[in-house]
Structures are given as structure tokens and as C-alpha cells.
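Based on the provided sequences and hints, a complete structural model is requested.
In terms of this note's numbering, the sequence shown has 1332 at position 490, counting the first letter as 1, and numbering is strictly consecutive.
One or more hints might be untrue.
[To be verified] The calculated lysine to aspartate or glutamate pairs, modelled on EDC-like cross-linking and capped at a C-alpha distance of 16 Å, are: (1) Lys866 - Asp950; (2) Lys866 - Asp938; (3) Lys866 - Glu932; (4) Lys1643 - Asp1461; (5) Lys1683 - Asp1639; (6) Lys1071 - Asp1579; (7) Lys1071 - Asp1578; (8) Lys1427 - Glu1644; (9) Lys1427 - Asp1461; (10) Lys1643 - Glu1600; (11) Lys1427 - Asp1457; (12) Lys1224 - Asp1256; (13) Lys1683 - Asp1579; (14) Lys1427 - Asp1646; (15) Lys1427 - Asp1612; (16) Lys1427 - Glu1459; (17) Lys988 - Asp1018; (18) Lys1683 - Glu1601.
[What the hints assert, rightly or not] DEER-style ranges, computed between Cβ atoms: (19) Arg1227 - Pro1370: 15 to 23 Å; (20) Ser1671 - Ala1554: 28 to 36 Å; (21) Gly960 - Leu934: 36 to 44 Å; (22) Val1407 - Gly1039: 19 to 27 Å; (23) Asp938 - Glu1386: 55 to 63 Å; (24) Arg1225 - Asn1327: 51 to 59 Å.
Hints were generated in silico from the structure; no laboratory data involved. None of the values given here were measured: they were computed from a predicted structure. We put the CB at the ideal spot given by N, CA and C, even for glycine.
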Amino acid sequence: MMEARIALSYYPLPTRYLAALEEKAGGPIRNLVISGLKGSGTLDILAQLFRLRVNTVYVPTPERDWIAFTPLLRLIARVPHPCRVILTDERLTFHDDQLWHILPLLLDIILRTVAAIGTTVVQFWRLRRLLAAGRQDCAFPEEVSKILYIKSNLWAGVTAGGSVSHTAGVIKALSDLGRRVFFVSPGDAPELAAIPGTRVNRVTLGGGFIYPREFNSHRYNDVLARWVKRLPKHRFAFIYHRLSLGSFVAVTAARRLGIPLVVEYNGSEVWINRNWGTRLKLERLAIMAEDAVLRHAHLVVTVSAPLRRELITRGIEPNRIVSHPNGFDQSRFDPSLFSHDDVLGVRKELGIPADAVVATFVGTFGMWHGADILAQALIHLKRERPDWLEVSRLHVVFVGDGVNRASVEAILADHGLQRYYSFTGLVPPHQTPRYLAASDFFVAPHVPNPDGSEFFGSPTKLFEYMGMGRPVLASELAQIGEVLNGSPRLETAGITDGPALEGQCGLLACPADPTELAEGLAYITDHPVWRRSAGENARRRALESFTWRHHVGAILDGLRHSLPVAPPQPRRPSPRILINAVHSKSGGGLTYLRNTLPLLAGTHHFDVHLAAQADQETDIRPICAEAGVCLHVLPTWSRLATVLVQEQVTIPWLARRVGASVVFSPANYGPVFGGRKVILLRNAFEVTSLEERFSKRVYWLGVKLLTQLCFATCRRAIVVSAHAGQTFLNVFGLGDDPRLSVVHHGVGGTFHPPAQGEERIPHRLLAVSDIYVQKNFETLLRALALLVPDYPDIRLDIAGKELDPAYAGQLRALCRTLGIEDRVVFLGSLPPERIAELYRKSDLFIFPSLVETFGNPLVEAMASGIPVVCTDAAAMPEVVDGAALLAQPRDEIEMAGHIARLLNDRSLWREMS
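Right under this line is the structure:
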């Protein structure tokens, strides 16, 4: 029988994405997970796929990190000979993948494979040299706060699990201890977004994965090595590297920067693939990479005693090893954060009765997690104690997804147990504490290693379970038993309705024994008083010994003991900066100087010089005088002469004459050659797609070429929003660059809410912006025309310089056409004090722009306490961050609707102000 639809993916699809895909496709879709297929080898798995009969195969990319899998999945999708192959993106847009598309795709994969063979050969010789070289001598510069964290494993699309929790936990603990982390990985890391002092750099492989998979690791090692060479000469205290398959870039980076290397060792990737996966095709090379990284590490961090013993047998000196269990984030895994209503809400979502006794397993269904043992334990209760199960109110929840989920579901099928268990599917890390809070106890049914070696894990979830103040039913296995020391086995627990004894944090069971696990489920379910007090013991122990700060503290202590501490560096004299301000002639350019110069010259103790042209002197001299900045006035030249001669000759000459150590150009481009140069990438290059005039297209082409040249030769580049940075990289076809930093604009003290007694003018709208095409004023004018019948006294003030007179003329003509010329006032360019007064007097601020890298007026308006309506485009959502009503860029009806809502609903007005 032919199956209607399958969705082919390497990892399980997020539950919500799959549900949305099914809704759009018009029927159920089976998610066929390639990594979950069992077979004797690649050919056997392909044979299984060939035997499938399916009408439509979907190849989804629910987020950008999954794109790397798409080329190979498109080829695999053709194996079962479907009638259609459909590519879907994160917005669920469907694209038919025609059969003829396979030829160029196959050619591309072949060419990348050939290139990968060459790269792998080069890596082999580099590894041989590293294995022959000695470890570099270096000291630990403890006073340096910045740390380079390299996470190079190619687990694209993995958004949950112990590795994600571990990374976030270590980085947050470093941040809590006053360290700043420069994080590098091949994928997005949303779990790090809210950690202070952390910069995330996404460095992608590019071109998609090839086969065999080890080639991808060696390709990525090469990509990262080239990326690291472009790192600015920061002073990092050390490099922290999570040991990954085939990756040794951390060694070369540490040797280049002359700093210590700390390696996190969670077990041999070679062993893991032999025992829990598929044996590596390039196993010898993988062993060489592991040996090289361990040889050159100044400190190897591991999470269990068995791993420490293994490292010693591999020749690692004991004084280079720190062993400390994993931990948990006590600020997130805290039962007091969740109310009774929160608990009931989660249970309602899952269809669980409010009075159920909920036992929860959280994991990625790995071979070592023992989720199948938990399933068998539930079956045992159904078979041996059906009457008890009927009245017990026990409900088992499996949170997560992974390779073995399908087999666990298959074990539970056909036993009439559906009312006793639930599967949530993949849950984002930030949602996990909600599910834990809705539980009464947790289950950690880990199993021994298949080859009989010591269990070396330190399950992150164990500590998160304990942190949530619930008891844990766990396998008595290596570190798990040690962490839960004092917790009884079932035969010694005794039958009591009283509280747990001191030190009892849960119940231990024989590993891989469904019968004993089943009895443990029954015991904890039947003893609520013991259950609650054991949970309190568990949280107390977790807080005392197993937070991420304990873990990171052990790492820093290990560095101090294994390496000499570098003496503090002498304070350097204040650097002299020359600001190339020849393009800062109006609007945001002057605002930027007005706000930043006092901070640069005062707060940060820089010796600041500024170069401007004669026609700017009237505006800029007062700013420089107030900030204590030395002004150098240059002749006013044409724009072309300014760019080609003044910035390439005069500015570098002036920098040498005044002895400037840095030249800062806050206008996209500046000197191409010379010493240390920093540029501010402030232009919105998307505007080129909006321009239809030939002269403007030529102008923007020149701007792009010059910007690209200046970026190629600069030391650092600043962007004013994450959107601006990503757009810049996309426009120029570049990958993430370590020289790029996001520094949001700020707002000056001039902008503040109205003083007491100062009244706003009802129905007075305000727009502040220089006038040119991407500002999209025509949509605002049409929205205003829709509002006039209901608001006879409504008026719009537009404050800004007419940089594009032709466009300004079109706007005036549109006002006449719409019959609103008496409702719109073009105020022209105004001083900041007058702009601030308008913010305080107006009723609403409207920002209809199509393209912005930041949008200074947005933060000025928000600081002035005036509600904002802006477009849902470019950087606007990032800047307002929920503090404005967003309208589609060219939708005057939606914009008018938002304005009317704020004019009519004063409680909403107050909330948005």
C-alpha cells in the first residue's frame, strides 16, 4: 500500500512545525528520521528506503541550521521513487523539487567531496606535525576577562539535550563570575542570547554536508582555522573547547594566540560511534585529532571519575585533569518560579488529570538513556499489578525526541496503556522547566555501556531534576549513585508514610531492570509525604554541590594550580583616535557624534581628534567644544573627491601627523589603506532594491563597492543592530566575520517624558526622519487620509531634512491628491531641542520606514514616553522589542488601524508609552 506523505529529516522535526506542515499539506505526515534508521550499513539503509512506497516526500528546513542537511536529503528523497518531492522552509513555503534538479545537485556534491578529500589529506599532515610538537608554555592571565569558547561539533539542528544545557550552563556561570565569552559554533545558539557579556558567532560550513560524514568535520576544521586567523588581536584569558569529532582548530588557535587551552572531554567520539552509532570510516584520523587536542591541552575538564581514569590511561598527566560533575542553572530550575496554575496549565496541554501522579523522563532518547526500560516497567505494572495501576493515578511523561523514540513508542503500543503515558515531542530548552514543574517525581533509567566498560556519564538532567525539588528514581550506576548517595534501594527503603530521612533524595534501582524500576514507580507514587520531603532534600543537595558555578569554579581553580598566573599588565596610555566625520552632515550622522563624542573623550579617556569639512563646521564645532575634542577642519570637496582623494590621502596623512593609533569612520567607508581602521556600517543596502532611478542605482553600486573594499582592509567593523550585520553579510555573500560587532545606538538625556503639567496635543501625530525614498512616507499619508473622517482635528508633523527633493515633491503632490494638504506639515530640519519638544507634545509617533539599520527616532520616541507605531521590517522589531505596534510596511489599512487603536484606547496608550 502506498503511503501518502513522509517528511524526511536527519533529526526529529519540532512538534509544532510538523503539525503546521500537516495542516498545510492537508493530512497526516510521518516524520522519517534518517539518523534513527537501523541497518547493517549504508547500503542496507538505502535498500530499506528503496522498498518504501510513498506518494510525496517533504524535505523540510524548519530553521536555518537544518539547511546543511538539505542537499543529501534531496538525493535520498529520490530513492523510494516518489511522485513528488517538496522542499519546505521555516515559513512553510512549498517548492517542488523537479527531477532534473538532481543533476546539478549531484555534480555539486561530487565536486565538494573531491575538495574534501584534498582538505582531509592536508589535515592528516597537520595532525602529524602537532603530534610531534610539544605543548606550548604559557601563563594564565587571570586579570583578562574575555574567553574564547569554540564549539565545533556539527550537530546542526540540535536544539535540546545535555550538550545544549552544558554549554549554556558553563557560559552563564562564567558570566556570573565576571567573565565575557566570545562563543563560536556552526549553528545558532538562542539559549545564549540573554547571557550578559556573551557574543555569539555563527560560522557555518557552507555548501551542505557530504558523505561520509567525517569529511564534514575536517572541512569545518579548515573553515574555522581560516576564520580564527581573522580574529582581532584580543587578549583572551584562555580558549575553552568542547572536544569534537575531527576538530583540532582549538590547538592551532591557542598556539597562535599564545594562551592556555582548556578542553572539555565527555568521552571518546571514536568509542561513542563504535558502541552507540556507526563505526567511523576515517577512524584513525579521528583518533589522531583526539590525541592531538588532548596532548596540547593545558587543562582537560571531565565530568566523572571513569573518564578521569580513561584519560590517565591515554597518557594525560593527572595534574592536567579536572574532574567535576555537571550542574544545573539554579535561576531557571527553581520550583518557586511556577504557580499551581502553571502546573495545571501544562497538565491540561498534555491531557493529564489534575490529580495525577506524574513521573517524567526528559532526554534525547539516546542509547544510554534507558527510555525503553521505563516503557517496559510500565508494561510490567500493567501485567503484574493491573488493579494498582488502575487506581494509582500514575502517569508517565516522556519529554523530548531522538533516535530511539520510535522504538519506545513501539514497545508501549498494543498494551492498552495509552491513558498512562504521554510523549511531548521535542521541547525547546527554555520550556523544559515548565514540564518539570508539572511533575511529581523524575525517572533516570540509564543503562550500562554495551561493551562492559564503566559508565562514564554525568547526566545533566539528573541535576536539573534535583534542582526542581522532586525526588529521582534512578539507576544505581557509577556517578548517578554517587550523586544520590544516601538514597535507598527499594528493599531497604521500608514501608513508611513519614518524611524521607536526611540525605534521601530519591530511590535507586538496578540498572536495566524493568521489574525493579516498576516497583520503584509504585513506591514513590504511593508515598506522597516521603516524595515531597525527598524532593526538598534533592534541591538542597543540588544547591550545595551541583550548580554550574561549582563546575566552573573547579575549572578556574584547575587553571590556577596547573599554570603560573601571569602578572598584571601595565596600564597603557590613553589611545589617540581620529574620527573621520566628513560624511556626518545631517540627521543620524550628527546625532551619533553628539551622543558618542562626550563618552569617548570623557568616560573612556580617549584622546579624540575629529576631521570634518568646512561646510560642517557650524554644526560640529559646538559638539566638539562641549566634548573636549580637537577639531581639524578640511576643505569642502565634492563627494567623489572626498571619497577618492580626501579620505585616501588627507585623512591618513592627518592620522600620522597627530599620532592617531586608530582611525574611526562612522559612515560605512573611509581610508582603504593605512594603519588600524574601524568602520561603522550604517547604510541599509536593501534600499538598492527599492530604487528605480538609474542615477541612484549607480550611486548605491559605488557605495557598495567602496564599502566592500573598506571592510576587507579594516581592523574592526561595527554594526548598529543584529539585523544590519546579517543583512550586510548576506548582501556581500560573506560568512560570519569575527571583526564584526553589534553596538546598538543609544539615546541622549535631551529626550525624556513631559514634565508634570506639560500636556500633549490630542490627535497630533509625529514622524521624525530625513526624507528619502525608503522612509515610506506615502503609506503614512494614505493611512492619515483613512483616519481624517473619524478624527477631524488630526494632524501630522514631519520633521526632517529633504535629502531627496524629487521624492519630497511626490509626497506633497500625494497630499493634494488625498485632500490632506492642510493636515500635514513639513517642518524641515530642526535642532535636537526642538525635536525633543515635539516628542513631548505629540500624541503618537509614527515610523513608516521600509529599511533601517537601526532607526534613532525610535529610541528617542520611546525615551520620550510617546507610543510608537512602526513597520514590521528591517531592524525595527529588534529595536522596539515589543514596545510598539507593528504594521506591515506597505499596508496603510493596518497602520491606520493601529493608530486608531491608540487614539481610542487610552489604557493601551498608557501601556505603550
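Hint check:
1. Lys866 - Asp950: Violated, at roughly 31 Å.
2. Lys866 - Asp938: It holds: about 15 Å lies between the C-alpha atoms, which stays within 16 Å.
3. Lys866 - Glu932: Holds. Lys866 to Glu932 sits at ~13 Å (cutoff 16 Å).
4. Lys1643 - Asp1461: Holds. Lys1643 to Asp1461 sits at ~14 Å (cutoff 16 Å).
5. Lys1683 - Asp1639: holds, 11 Å
6. Lys1071 - Asp1579: Cα-Cα ~11 Å, so holds.
7. Lys1071 - Asp1578: holds, 13 Å
8. Lys1427 - Glu1644: holds, 13 Å
9. Lys1427 - Asp1461: The given pair, whose Cα atoms are some 8 Å apart, holds under the 16 Å limit.
10. Lys1643 - Glu1600: Status violated; Cα separation ~27 Å.
11. Lys1427 - Asp1457: Measuring from Cα to Cα gives roughly 8 Å; hence the hint holds.
12. Lys1224 - Asp1256: holds, 12 Å
13. Lys1683 - Asp1579: Distance ~44 Å between Lys1683 and Asp1579 Cα, so the pair is violated.
14. Lys1427 - Asp1646: holds, 15 Å
15. Lys1427 - Asp1612: holds, 12 Å
16. Lys1427 - Glu1459: holds, 10 Å
17. Lys988 - Asp1018: holds, 13 Å
18. Lys1683 - Glu1601: With Cα atoms ~7 Å apart, Lys1683 and Glu1601 stay inside 16 Å; holds.
19. Arg1227 - Pro1370: 15 to 23 Å: holds, 18 Å
20. Ser1671 - Ala1554: 28 to 36 Å: holds, 35 Å
21. Gly960 - Leu934: 36 to 44 Å: Given a distance of about 39 Å, which is inside 36 to 44 Å, the answer is holds.
22. Val1407 - Gly1039: 19 to 27 Å: holds, 22 Å
23. Asp938 - Glu1386: 55 to 63 Å: holds, 59 Å
24. Arg1225 - Asn1327: 51 to 59 Å: violated, 33 Å
Violated hints, listed in ascending order, are 1, 10, 13, 24; each of the other numbered hints is respected by the structure.
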